[in-house]
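Engineer: Protein sequences, first through last, are from chains A, B, C, D, E and F. When we follow the numbering used here, the leftmost residue of the first sequence carries the number 1, and every step to the right adds one. When we follow the numbering used here, the leftmost residue of the second sequence carries the number 1, and every step to the right adds one. When we follow the numbering used here, the leftmost residue of the third sequence carries the number 1, and every step to the right adds one. When we follow the numbering used here, the leftmost residue of the fourth sequence carries the number 1, and every step to the right adds one. When we follow the numbering used here, the leftmost residue of the fifth sequence carries the number 1, and every step to the right adds one. When we follow the numbering used here, the leftmost residue of the sixth sequence carries the number 1, and every step to the right adds one.
FYI, nobody ran anything at the bench for these hints, they're computed from the structure. Here the structure is a predicted model, which means the values were calculated and not measured. Accuracy of the hints is not assured; some may be wrong.
[As the list claims (entries may be wrong)] Each pair of labels, with its calculated beta carbon distance range:
id, chain 1, residue 1, chain 2, residue 2, range
1, E, P115, D, D24, 39 to 47 Å
2, E, E73, A, H111, 33 to 41 Å
3, A, A116, F, T126, 29 to 37 Å
4, F, D63, D, P127, 49 to 57 Å
5, A, W22, B, T126, 42 to 50 Å
All residues carry an ideal CB built from backbone N, CA and C; glycine is no exception.
6 protein chains.
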Amino acid sequence: MKISVFRKVHFNAAHRLHNPNWSDEKNKEIFGKCNNPSYHGHNYDLIVKVKGEIDPETGYVIDMKYLKDLIGEHVLERFDHKNLNVDTEEFKNVNPTAENIAVVIWNILRHHIDPAHELSVRLYETPRNFVEYDGE
Amino acid sequence: MKISVFRKVHFNAAHRLHNPNWSDEKNKEIFGKCNNPSYHGHNYDLIVKVKGEIDPETGYVIDMKYLKDLIGEHVLERFDHKNLNVDTEEFKNVNPTAENIAVVIWNILRHHIDPAHELSVRLYETPRNFVEYDGE
Amino acid sequence: MKISVFRKVHFNAAHRLHNPNWSDEKNKEIFGKCNNPSYHGHNYDLIVKVKGEIDPETGYVIDMKYLKDLIGEHVLERFDHKNLNVDTEEFKNVNPTAENIAVVIWNILRHHIDPAHELSVRLYETPRNFVEYDGE
Amino acid sequence: MKISVFRKVHFNAAHRLHNPNWSDEKNKEIFGKCNNPSYHGHNYDLIVKVKGEIDPETGYVIDMKYLKDLIGEHVLERFDHKNLNVDTEEFKNVNPTAENIAVVIWNILRHHIDPAHELSVRLYETPRNFVEYDGE
Amino acid sequence: MKISVFRKVHFNAAHRLHNPNWSDEKNKEIFGKCNNPSYHGHNYDLIVKVKGEIDPETGYVIDMKYLKDLIGEHVLERFDHKNLNVDTEEFKNVNPTAENIAVVIWNILRHHIDPAHELSVRLYETPRNFVEYDGE
Amino acid sequence: MKISVFRKVHFNAAHRLHNPNWSDEKNKEIFGKCNNPSYHGHNYDLIVKVKGEIDPETGYVIDMKYLKDLIGEHVLERFDHKNLNVDTEEFKNVNPTAENIAVVIWNILRHHIDPAHELSVRLYETPRNFVEYDGE
Chain A
1 MKISVFRKVH
11 FNAAHRLHNP
21 NWSDEKNKEI
31 FGKCNNPSYH
41 GHNYDLIVKV
51 KGEIDPETGY
61 VIDMKYLKDL
71 IGEHVLERFD
81 HKNLNVDTEE
91 FKNVNPTAEN
101 IAVVIWNILR
111 HHIDPAHELS
121 VRLYETPRNF
131 VEYDGE
Chain B
1 MKISVFRKVH
11 FNAAHRLHNP
21 NWSDEKNKEI
31 FGKCNNPSYH
41 GHNYDLIVKV
51 KGEIDPETGY
61 VIDMKYLKDL
71 IGEHVLERFD
81 HKNLNVDTEE
91 FKNVNPTAEN
101 IAVVIWNILR
111 HHIDPAHELS
121 VRLYETPRNF
131 VEYDGE
Chain C
1 MKISVFRKVH
11 FNAAHRLHNP
21 NWSDEKNKEI
31 FGKCNNPSYH
41 GHNYDLIVKV
51 KGEIDPETGY
61 VIDMKYLKDL
71 IGEHVLERFD
81 HKNLNVDTEE
91 FKNVNPTAEN
101 IAVVIWNILR
111 HHIDPAHELS
121 VRLYETPRNF
131 VEYDGE
Chain D
1 MKISVFRKVH
11 FNAAHRLHNP
21 NWSDEKNKEI
31 FGKCNNPSYH
41 GHNYDLIVKV
51 KGEIDPETGY
61 VIDMKYLKDL
71 IGEHVLERFD
81 HKNLNVDTEE
91 FKNVNPTAEN
101 IAVVIWNILR
111 HHIDPAHELS
121 VRLYETPRNF
131 VEYDGE
Chain E
1 MKISVFRKVH
11 FNAAHRLHNP
21 NWSDEKNKEI
31 FGKCNNPSYH
41 GHNYDLIVKV
51 KGEIDPETGY
61 VIDMKYLKDL
71 IGEHVLERFD
81 HKNLNVDTEE
91 FKNVNPTAEN
101 IAVVIWNILR
111 HHIDPAHELS
121 VRLYETPRNF
131 VEYDGE
Chain F
1 MKISVFRKVH
11 FNAAHRLHNP
21 NWSDEKNKEI
31 FGKCNNPSYH
41 GHNYDLIVKV
51 KGEIDPETGY
61 VIDMKYLKDL
71 IGEHVLERFD
81 HKNLNVDTEE
91 FKNVNPTAEN
101 IAVVIWNILR
111 HHIDPAHELS
121 VRLYETPRNF
131 VEYDGE
């Protein structure tokens, strides 16, 4: 019997979409305003889902405070109030699209979540554009 | 490795729930206020989900601007600020319940989305009533 | 010492913007898609604000259940799941713009709220378009 | 061809997280502020999902009014404006974590939903902490 | 030239509406389910508004981090995860209606906000019921 | 008889809080993470309020499409997907706090709104931090 628990957090970051193998013209054509060389930014909402069995002692799948602190330490410390392209190792050579940010966050968190637990992340770049990744 | 991307749009429409094979009494009994002969209406929120692999060149599953324009051209042009029962071919003979609207939209979009991509639509008739269809 | 209390309700209705003194061309030019002769519709959110002194016996400005029932009886019964242009007396000769709907609702409720209380209504036609009227 | 329909409702309740087999110190250590002996409370949002085939007569998977009334009778009557630990049979011996509340609600509703229909419940304890259970 | 800044926070609490000068019957009649002797609870959302001139050095009316910490220390520490009737001095003899909670919070914060600044608080008991108090 | 109409729009931008007259240490102390030299960013939500009399011909205070286009041309074109500190004239010498951005937007729009209409702007930097300015 498995149940999913979700924790929602948010962070603010600047980014720019850019493929260094392309000309400026092609970057502008493909990424439009998101290619602005001076960057723009977002309030990212992140929902982390952990699925597993309920511990009969606590009634928890995972302690939400522990999960919140884990996300804080490994995700928010790294990305909150940062320029993703400039200030982070993860996006030095990876284009910070919502898709890629979600995969990077999933890979970071996967190391810190009990392997018996399934993990999924949903990332809202705006309330109208969002992505979801579960490692499969 | 697959990831889902979501685009949320909205449209406003009038509709009426009605089964022409039933008496007025039975229509009123089953559909209640939603059977009002003069129609009522909704702000529909539509979330389109496309699941596929990330293109390593762009970092996108699908260009969100392209997806937005596709939904605009094929869904919003057809249904926004319309009376679903009166102004559309799709609901001339189909009762415009949220379920049927979602299936119709899925079928429309399926023709325009790369067959390698999975497609799902979620339709909010109100914030409290919504449906989801993935073609299975 | 005065405090404001707010009650939020919602209703769904069809409507059409139209000025019968104008030509069809002018109606179409001014009201655009909102002039569709077959109507379109909205999920209207209504927030009613009542400002007054706190009753020391109850700790209430006004009993929220009473206010909810009042709005239900005098506003929702009249407008919910209706075609505003066709099914209501109020909009037979009044164009059902958000502005006019708010004024009509304010006038209806003013008769049923203690004159010692200030009254204001906010009406959301969509989450992006809304109006507010306080009778002044 | 199956489609999911969702109905969202809310209820307000007091609760306290506590394991009677543990010392007060351990309860305090594990459950923190949620262990407050005088209770605290939440506005719970509950989303019930029912998946099945569309009835060709109605265009419905399930009548939303029926589903709403079902949830009202079997869930809201039991838990709304209650102290989960004190006023309910279900949580006399079960710790009312979000996980356990979701499982209890799923089990209650499963008896009243057509076995041909899949059932899932999502419970928001706060907008940032929520759980989902589908019986598997 | 004055501008308003707003900070939104939330807390979870149990409460019960009750007037000790009334019979149980009258309490039950007036307060309904909110009179439940075992309490119920809410996720309260609090929006604090401070209006004043912009400091030309900082571009701030008030440092939002300072305002957040102030609310945390003086409001959240006192009321979050508490039973308002049982655990607090403020509601020992005051009925914890939304109106009274807002007035109590305004009075607490007024002592800690620069007298040159106007202060207003909005308190959501649920998304549908809320109150606002500005001290006038 | 006056009524207020509101139009909500959004834009995404990068920014950095910084006072060039201060040392790096003081900037860091006062502005914290918001002083990050590489910038961070936000999804800004902007609500523009226009108050005036209802035109009896249209039932409008102001045509919402006109208001939307006005905001698009004069605000979104200037600030959407931009770095406020680097890409705009307005914040070359003005610290882009939410307060200052709201004042700048109000001043821009005031030139384009009928002087008979009152104008107010509300700017959300995050759902928890926002400001409001009405020119007084």
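Engineer: Next, verify each hint and record whether it holds.
Structural biologist: Taking the hints in turn, this is what the structure says about them:
1. Under the hint 39 to 47 Å, the C-beta atoms of P115(E) and D24(D), about 44 Å apart, fit the expected range.
2. About 36 Å separates the C-beta atoms of E73(E) and H111(A), a value consistent with the hinted range of 33 to 41 Å.
3. The supplied range of 29 to 37 Å is met by A116(A) and T126(F), whose beta-carbon atoms lie about 35 Å from each other.
4. Between D63(F) and P127(D), the C-beta spacing of about 35 Å breaks the proposed range 49 to 57 Å.
5. One distance hint, 42 to 50 Å for the beta-carbon pair W22(A) and T126(B), holds here, with the actual separation near 44 Å.
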